[in-house]
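Enquirer: Working from the sequences, and respecting the hints, build out all of it.
Protein chains in written order, with the numbering used here: chain A, 1 to 112; chain B, 1 to 112; chain C, 1 to 112; chain D, 1 to 452; chain E, 1 to 452; chain F, 1 to 452.
What the hints contain is simulated information worked out from the structure, not anything from laboratory work. Virtual Cβ for every residue (Gly too), placed ideally from N, Cα, C. The reader is advised that the hints may include incorrect statements.
No farther apart than 30 angstroms at their CA atoms in a straight line, the calculated lysine-lysine pairs in the DSS-like style are these [as the list claims (entries may be wrong)]:
(1) B/Lys40 / B/Lys85
(2) D/Lys208 / B/Lys17
(3) C/Lys85 / C/Lys40
(4) A/Lys85 / C/Lys2
(5) A/Lys40 / F/Lys363
(6) A/Lys85 / E/Lys247
(7) E/Lys208 / E/Lys363
(8) E/Lys247 / E/Lys363
(9) D/Lys363 / B/Lys17
(10) F/Lys240 / D/Lys312
(11) D/Lys311 / C/Lys85
(12) E/Lys420 / E/Lys240
(13) D/Lys363 / D/Lys240
(14) F/Lys208 / F/Lys363
(15) A/Lys85 / F/Lys312
(16) E/Lys312 / D/Lys240
(17) F/Lys363 / F/Lys240
(18) A/Lys17 / B/Lys40
(19) D/Lys247 / D/Lys208
(20) A/Lys2 / B/Lys17
(21) C/Lys2 / A/Lys17
(22) C/Lys85 / F/Lys312
(23) D/Lys311 / B/Lys17
Facing chain E, from chain A, some residues (calculated, C-beta under 8 angstroms) [what the hints assert, rightly or not]:
(24) Phe11
(25) Glu44
(26) Ile45
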Amino acid sequence: MKKIEAIIKPFKLDTLKEALQTIGVTGMTVSEIKGFGRQKGHTEIYRGAEYRVDFIPKVKVELVLNSNMVEQTIATIMEATRTGKIGDGKIFVLPVDSITRIRTGETDEEAI
Amino acid sequence: MKKIEAIIKPFKLDTLKEALQTIGVTGMTVSEIKGFGRQKGHTEIYRGAEYRVDFIPKVKVELVLNSNMVEQTIATIMEATRTGKIGDGKIFVLPVDSITRIRTGETDEEAI
Amino acid sequence: MKKIEAIIKPFKLDTLKEALQTIGVTGMTVSEIKGFGRQKGHTEIYRGAEYRVDFIPKVKVELVLNSNMVEQTIATIMEATRTGKIGDGKIFVLPVDSITRIRTGETDEEAI
Amino acid sequence: MNTADINLSNKELPMKKSMARKAVLPLLTALLAVLPATAMAGEEVSGSVAMYVVNNTWMLVATLLVFIMHLGFASLEAGMTQAKNTVNILFKNTAIIAIGLLTYAMMGFNLMYPGDFSIAGFFGFAGFGIAAPDGVAGGIAYADGAYSYWTDFIFQAMFAATAATIVSGAVAERIKLHSFLIFSTIYVAIIYPWVGSWKWGGGWLDAKGFYDFAGSTLVHSVGGWAALAGVMLLGPRLGKYVGGGIKPIMGHNMPLATIGVFLLWFGWFGFNGGSVLSAEPGLVSLVFVTTCLAAAAGIVGAILLSWVLQKKPDLTMALNGALAGLVGITAGADVVSVMGSVVIGFIAGLIVVASVMIIDRVKIDDPVGAISVHLICGIWGTLAVGIFSADHSFLIQLLGVAAYGAVCFPAAFGIFFVLKSIFGLRVDEEEELQGLDVGEHGMEAYGGFVIK
Amino acid sequence: MNTADINLSNKELPMKKSMARKAVLPLLTALLAVLPATAMAGEEVSGSVAMYVVNNTWMLVATLLVFIMHLGFASLEAGMTQAKNTVNILFKNTAIIAIGLLTYAMMGFNLMYPGDFSIAGFFGFAGFGIAAPDGVAGGIAYADGAYSYWTDFIFQAMFAATAATIVSGAVAERIKLHSFLIFSTIYVAIIYPWVGSWKWGGGWLDAKGFYDFAGSTLVHSVGGWAALAGVMLLGPRLGKYVGGGIKPIMGHNMPLATIGVFLLWFGWFGFNGGSVLSAEPGLVSLVFVTTCLAAAAGIVGAILLSWVLQKKPDLTMALNGALAGLVGITAGADVVSVMGSVVIGFIAGLIVVASVMIIDRVKIDDPVGAISVHLICGIWGTLAVGIFSADHSFLIQLLGVAAYGAVCFPAAFGIFFVLKSIFGLRVDEEEELQGLDVGEHGMEAYGGFVIK
Amino acid sequence: MNTADINLSNKELPMKKSMARKAVLPLLTALLAVLPATAMAGEEVSGSVAMYVVNNTWMLVATLLVFIMHLGFASLEAGMTQAKNTVNILFKNTAIIAIGLLTYAMMGFNLMYPGDFSIAGFFGFAGFGIAAPDGVAGGIAYADGAYSYWTDFIFQAMFAATAATIVSGAVAERIKLHSFLIFSTIYVAIIYPWVGSWKWGGGWLDAKGFYDFAGSTLVHSVGGWAALAGVMLLGPRLGKYVGGGIKPIMGHNMPLATIGVFLLWFGWFGFNGGSVLSAEPGLVSLVFVTTCLAAAAGIVGAILLSWVLQKKPDLTMALNGALAGLVGITAGADVVSVMGSVVIGFIAGLIVVASVMIIDRVKIDDPVGAISVHLICGIWGTLAVGIFSADHSFLIQLLGVAAYGAVCFPAAFGIFFVLKSIFGLRVDEEEELQGLDVGEHGMEAYGGFVIK
Ligand SMILES: Nc1ncnc2c1ncn2[C@@H]1O[C@H](COP(=O)(O)OP(=O)(O)O)[C@@H](O)[C@H]1O
Ligand SMILES: Nc1ncnc2c1ncn2[C@@H]1O[C@H](COP(=O)(O)OP(=O)(O)O)[C@@H](O)[C@H]1O
Ligand SMILES: Nc1ncnc2c1ncn2[C@@H]1O[C@H](COP(=O)(O)OP(=O)(O)O)[C@@H](O)[C@H]1O
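Expert: This is the structure:
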């Protein structure tokens with residue numbers, strides 16, 4: 001089993017959610033984060049003093065799924081969230097040892 | 001070493017914290033996230049227009065611990081947070097290569 | 001490839017960011033979390049009733065990078081964020097299977 | 001003035017304007033219409049008429065000040081409770097002012113000021129609806145040149161809704177919306193004005209010499225008794241008292257709570273200042289002084305005691321202290337000395353801190369401290385009149401306090417009890433955990449988070 | 001008094017003080033300076049002079065009440081929109097009050113109250129700038145003892161900015177700042193006062209017997225028409241209407257929106273109460289009553305309808321309902337019965353809920369419901385005068401409504417259209433997604449997150 | 001009226017009521033008690049008495065308007081600083097109003113208006129406590145029919161606390177609570193009233209012809225000098241100036257800051273309008289006009305300059321601009337022309353933007369811009385009287401400015417210095433990083449996050 005962490009632009013979340021549902025992803029966990037990367041933040045002035053906004057608001061989507069789903073899912077994410085502009089984000093894949101559904105105690109595949 | 005990520009219902013956090021302390025878990029990291037899953041969100045109306053609340057507020061608890069602690073911890077989490085109702089959440093276990101305590105530089109087991 | 005998760009004291013973020021840039025880290029993801037650990041929270045009184053503030057505000061920094069960068073990066077993080085006081089935080093290293101840059105479709109090393 | 005005047009006037013514009021803008025009788029003529037015969041001597045306005053206009057204007061200003069107290073309550077209650085119940089609290093307060101004004105017009109006013117009592121000094125009702133007596137009877141002669149009939153009504157109507165609002169804070173975060181609304185409607189339409197008639201309507205307590213200048217008892221305790229009844233029937237919020245201990249539930253927005261308290265104080269200038277029922281300079285200004293010094297002393301008292309007991313000064317206690325001082329001085333603002341007002345306020349500040357802690361220890365869960373502020377300090381203020389004013393009897397004041405408690409608490413308890421058996425009072429556990437905003441209103445107070 | 005008096009006075013302190021603090025003529029003398037000849041009989045002040053001072057004082061209080069309505073608008077609009085556009089909305093409202101006051105002094109006042117019309121009853125301009133007539137002409141004689149010239153100006157000036165503010169809410173979250181500011185300047189400097197002159201300036205509609213007491217049409221509809229024109233040219237916010245469906249965009253701060261509505265109601269005591277243009281007790285108090293009962297009925301109407309239609313009672317609808325009732329009663333607050341005011345308000349409450357939903361379905365995106373509240377209910381209120389007041393004709397009221405629509409909508413549309421072709425009206429997509437706060441102002445409304 | 005009247009009256013209810021509700025002498029009789037002998041001719045009220053009541057009523061309204069300015073300050077300061085210090089700021093402002101009112105009653109009033117000076121024109125003290133002169137001496141005769149003794153006291157008392165509040169914003173986010181409270185108490189109890197006596201108390205500067213209508217210098221600069229002294233002794237907030245550069249620290253809540261500024265403006269109608277010390281129509285309305293136009297021009301000036309310098313228009317500068325205009329016009333609101341007020345306000349708007357930037361560059365860390373707004377613009381406004389009013393001398397105005405600076409800055413510096421050596425002024429680094437809310441008060445402003 002794998003965990004996919006996708007860092008995307010906030011306004012792409014709805015599109016992504018719908019795209020993932022169509023390929024049968026039944027669950028995900030989402031959080032608001034701030035990103036630092038190639039996409040340089042802008043310089044602003046507050047009461048006369050300059051400052052750089054380095055961290056840009058992004059959304060992190062976490063998906064745990066079967067290894068065999070990974071490729072398709074990545075493809076779907078790219079399709080749904082890509083704008084071609086710098087700052088589109090990244091997709092990380094991490095190994096997962098086990099999954100448990102708290103409600104039923106089911107584990108691994110059944111728990112997804 | 002392993003990392004346990006538990007997605008739970010927010011109001012269960014206090015109970016979980018106490019349960020984990022009793023089994024000797026000395027540290028954890030917590031964040032507010034939104035979850036999408038089998039537990040379907042409700043439909044609401046705002047100023048006459050319908051909308052679905054798909055993402056439900058959840059809490060994510062991250063624990064890094066010795067591999068030998070994993071089983072007991074999962075059991076404890078389930079006990080503490082299970083309501084039997086849909087949306088209780090999930091427990092994911094991920095491998096961890098190393099741990100370092102910033103303050104002392106201790107690593108791995110000593111750093112937990 | 002590895003993922004480094006560093007839990008640090010919030011006011012150390014700026015220092016850390018600058019330190020990481022100097023060693024050529026080009027991207028990171030940051031989030032506000034609450035931490036529970038050896039650093040015991042304080043007891044407060046609200047309208048006459050005591051309560052413990054167990055969870056202390058922390059910042060989580062996530063870095064995905066080449067395995068060969070890990071050591072140096074850990075060293076840099078420790079240097080930048082260590083105060084020697086309890087609660088300085090932890091550094092976790094997790095394995096990463098793959099990285100994809102949404103914008104270009106580049107993968108792994110090129111995608112960092 | 002009439003068109004003739006206009007053409008004569010050397011500056012047409014404003015005349016044309018005022019003429020254009022309001023299609024009413026010219027000013028002076030309008031006034032002549034409401035003059036007592038004695039003053040009908042031609043164009044020149046008499047001092048008495050001018051005095052009537054000043055008095056009435058002040059009463060109207062007092063009215064709008066009392067109105068803004070409802071925003072004060074809404075802000076304070078919302079700030080002192082959890083974010084997930086904010087919409088519910090704001091909704092309740094918005095609904096209550098509407099209900100209060102309409103029911104008071106429908107029956108409250110004539111219940112509170114029946115004129116003649118059908119049951120001597122105890123109950124009277126002058127009929128449904130409101131209608132101004134014609135001519136001077138509804139104008140300058142209505143209250144001896146102090147205010148018009150409509151001014152009397154609207155000023156009193158603003159007071160009415162207040163009593164119900166006091167309850168709202170105490171039962172917050174767990175009461176079913178419709179049960180609360182029905183309770184408020186009954187309480188503000190019947191109980192508040194009926195018991196009010198005993199004193200302000202010239203009923204039996206008034207005859208006994210009981211004194212309550214602006215409502216420490218008639219408004220605040222009356223609301224406080226209902227709050228106590230409601231909280232007892234509802235029980236505490238989930239997670240408030242666990243394993244014998246008290247788990248504080250933080251207010252979610254302190255700036256909002258502070259705005260609420262300052263607006264309440266602001267409105268109190270009209271609540272107390274207007275209760276002089278005229279613009280009489282000496283008296284109104286004295287009331288301003290006693291009211292402000294009592295509030296100030298209440299803050300100091302609450303800060304000192306909370307600093308001592310909690311090691312750190314508690315903002316919410318300082319805010320409660322201000323209100324405690326204000327509620328405390330309300331019964332005697334015009335009959336106690338300035339020094340007296342400081343002492344009354346300071347003691348109220350001490351009382352409110354102690355009361356909040358004690359009430360919490362006996363596991364009565366009052367999220368905003370409404371019972372301590374309005375009931376306990378309302379009682380204190382009423383008794384204080386008997387202590388700090390030579391002209392009033394402590395025993396009579398005590399009798400008044402007891403009389404209101406003896407009727408209001410059972411009445412409120414009864415209404416809540418009936419509602420509980422019919423609709424239930426409390427939302428189900430899941431809704432309470434999730435918050436009443438989503439449960440009762442299907443929305444969040446701080447929506448628009450990117451992730452919906 | 002003069003130094004002599006002081007030395008004679010048995011209590012020096014305050015004399016010295018007031019003397020010291022203001023370097024003006026002693027009070028009575030000062031007044032004598034503005035007395036009509038008839039009253040020059042020595043030291044004693046006549047009742048008429050006292051009356052003049054009361055009237056003027058009330059008008060000044062009304063002025064500051066209308067002022068605070070601008071904070072009401074700012075809060076309501078900010079609360080009902082997204083956090084990322086909050087600074088922009090607050091900025092717009094801060095700028096508008098400044099622009100409104102300055103342009104009204106520069107030309108608006110003399111456009112709205114030209115005195116003589118150059119084009120009979122249709123257009124007149126008394127010249128740039130403001131200057132008070134000397135002596136009594138600018139004082140007690142200016143408006144027949146109702147208020148001074150400066151009072152007249154500042155009261156009217158506070159009204160002026162309101163019209164522009166109404167637009168701000170409807171076009172929020174997507175309009176370019178400078179385009180909006182230019183529009184507002186033109187609209188408030190020229191259109192609002194010009195069309196206002198038709199009625200309040202004593203123009204042709206006034207001659208026809210059209211009635212609009214405090215501005216359901218002259219202020220609210222005038223603003224509403226511009227809002228409609230702006231929204232139509234701007235188009236909806238991104239993501240509001242997708243695939244035929246409506247995606248609601250939540251307001252981000254309900255306590256703020258509630259504060260806004262209560263402050264607007266608070267200000268309305270001056271908006272309507274001041275429109276009596278004197279402190280005449282009977283009339284001002286009647287206006288207080290009709291205004292409050294209409295607002296209360298509006299709340300009830302909106303709550304009931306939204307509860308029925310949405311299953312859950314909607315706070316934002318209750319808030320819009322209060323405003324609907326207030327806008328609805330504004331045209332006839334002094335000429336309808338108390339019962340009439342309740343009916344007018346209740347219907348306004350129903351209308352606003354229906355209107356918000358319908359306007360949304362026809363894909364006109366009005367984030368705060370300004371069009372429904374100010375335009376639709378403004379029209380309803382104006383027509384209601386023809387229905388609920390025996391002395392006014394429905395047809396004439398209809399004519400007035402039509403006349404304002406026929407001029408204001410095209411005028412606003414034209415101005416927006418020109419601005420669109422020159423500067424563009426709408427921020428680019430990326431800025432809209434990111435929010436106008438960063439885009440137009442380079443800052444966040446809720447900054448200071450540890451991660452910058 | 002008396003019971004006899006009642007029975008004669010054709011409408012018993014209200015009579016009974018007003019009788020019941022207040023146990024004071026019937027209105028007219030009450031007034032007769034305070035009439036000057038000349039007016040004792042029977043029931044009929046003289047115009048002078050009516051005038052006295054109007055004047056007094058206006059002064060009381062002005063008083064409550066000044067009161068609400070304290071909420072304005074609290075909101076502005078909280079909004080312009082970080083969330084983690086919000087409770088501390090709200091607490092300070094709540095405590096200050098209490099301290100200000102109580103100390104002013106205890107000694108401030110009699111220090112500021114001593115009547116006779118023990119050190120000619122320089123220092124005088126009329127004794128501890130407050131007590132109204134009996135009968136007419138404390139009523140109609142107290143200030144020549146302008147207001148009663150109690151009105152005088154409470155109006156002045158509301159001003160007093162203001163000076164201390166100004167300091168609070170500048171020293172925010174790092175000062176120890178108790179040190180600040182002690183400082184405020186001393187400053188508001190002694191320094192403010194003492195130096196105030198030089199002008200408003202009829203002291204030496206008054207004799208010199210120095211003019212400060214409502215307190216550009218006596219209130220705002222006096223507070224500003226203390227703010228400057230405090231900031232210099234405290235040093236900047238951690239992380240504000242690092243490596244030669246300036247790191248802005250964002251305000252955390254712009255709606256709150258905006259509410260603050262609008263409430264301050266709202267209160268200014270009483271601050272300036274009440275400083276006429278009567279309801280004299282011509283003068284009060286003129287003051288309303290100059291005050292509002294100056295504020296409006298201040299906004300425009302600040303927006304323009306910040307737009308030019310920062311490329312994007314800064315909301316916080318627009319807000320500071322409004323206050324700058326208000327502070328600027330305060331010294332001469334009644335003696336400059338309307339055009340003059342616009343110029344004064346506009347320049348103040350430019351000054352405040354430049355001042356905020358310069359003060360930041362010289363590393364004086366003033367989180368809310370209090371020094372620029374109150375001190376710098378206070379000085380500008382005082383000098384402007386010498387420029388824009390023919391009747392006043394620039395040099396005398398300059399002398400006044402210098403005199404206050406020469407005493408207030410050293411005095412404040414001295415008090416802060418002593419406190420620093422005894423208790424220390426600044427919280428420790430860890431507390432500052434964590435925030436004063438938890439450190440000093442053990443609570444959060446926005447608590448109730450699910451994770452405690
Ligand atoms: N090495 C990294 N580790 C963790 N997160 C990263 C890393 N690089 C980028 N990110 C995240 O991805 C986001 C987008 O990356 P960025 O370099 O700005 O643009 P792009 O995705 O086009 O390369 C960043 O804002 C950050 O949140
Ligand atoms: N595949 C998944 N990947 C990541 N998080 C998930 C996944 N499935 C569920 N979750 C998280 O677990 C929460 C609960 O899951 P849900 O399916 O709603 O109920 P249950 O836990 O009873 O299966 C979701 O809200 C979501 O946060
Ligand atoms: N076992 C753990 N798993 C996850 N996070 C942890 C763990 N232990 C500590 N942390 C995180 O690290 C932070 C600091 O740890 P703590 O034990 O308080 O001090 P120190 O870093 O000095 O050991 C905690 O607040 C928590 O967020």
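Enquirer: Please flag the earlier hints that this structure goes against, numbers listed from lowest up.
Expert: Violated hints: 2, 7, 14, 19, 22; rest satisfied.
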